[in-house]
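On the provided structure of chain A, position chain B as indicated by the hints.
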Amino acid sequence: DTGVSQNPRHKITKRGQNVTFRCDPISEHNRLYWYRQTLGQGPEFLTYFQNEAQLEKSRLLSDRFSAERPKGSFSTLEIQRTEQGDSAMYLCASSLGSGYEEGYTFGSGTRLTVV
Amino acid sequence: DQQVKQNSPSLSVQEGRISILNCDYTNSMFDYFLWYKKYPAEGPTFLISISSIKDKNEDGRFTVFLNKSAKHLSLHIVPSQPGDSAVYFCAASQRGGNEKLTFGTGTRLTIIP
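Residue numbers (the working numbering), protein chains in the order written: chain A, 1 to 115; chain B, 1 to 113.
Same shape as in the complex, but just chain A (with noise of 0.2 angstroms):
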């Protein structure tokens, strides 16, 4: 297991469009983070997973932001009709546990530019 696995790396789309991110976490961890960021900003949480069932969502993610983890595997991040305030590093992380002692493991994200 080579850790987080985010794709694609980079996406561009025209505004409007809709796109749909993958996470495949380390295989052994329960848990499953989503965070956003932007320039000159630190990560910003999005989402979490426990196992399969999503457990808390962030005012930032408005109802055209939807996020799945079925089976409590890989998980996807929809936006639908994209704006250019879309554009940003959207990255996942996982852990086992609460990830205080380890961290969490974080993937290298997928940057995504709203034209």
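Since the hints were derived computationally from the structure, they do not count as laboratory data. Backbone N, C-alpha and C define an ideal beta-carbon position, used for all residues, glycine too. Check each hint, because a few of them may be wrong.
To be verified - Derived list of chain A stretches under chain B, where covered just means 3 residues or more per stretch with a C-beta under 8 angstroms from a C-beta of chain B:
#, stretch
1, 61-74
2, 85-98
3, 103-110
Unchecked claim - Some chain B residues judged to face chain A by a derived CB distance under 10 angstroms, without partners named:
#, residue
4, V4
5, T102
6, T105
7, G106
8, I112
9, P113
For chain B alone, coordinates are given in the frame of chain A:
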């Protein structure tokens, strides 16, 4: 509402000297703090954490200090090495809050050879 603040956007330190990165927080409910390091085009990498029941934690060249009364923590790197050049993020969490992290805006550390 920036609950975790890193007031120094950048820091330059001579190789071999000590690097000190600072972080302040406002939410007294935070009880776990973590430092992450980020290289360009990569995700953040966990460095070290500290629980609010401690005031110091060490791991090799990295030491984190927590001053709860001042709501301040710092990361000391000694000796600093060129490979330490990266952006460092401070993050905080509240037990029972789904362990989501609230990050600061980061400090870009440059180690001068």
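Next on the checklist: To test your reading of the hints: which numbers does this structure violate?
Outcome noted: 1, 8 and 9
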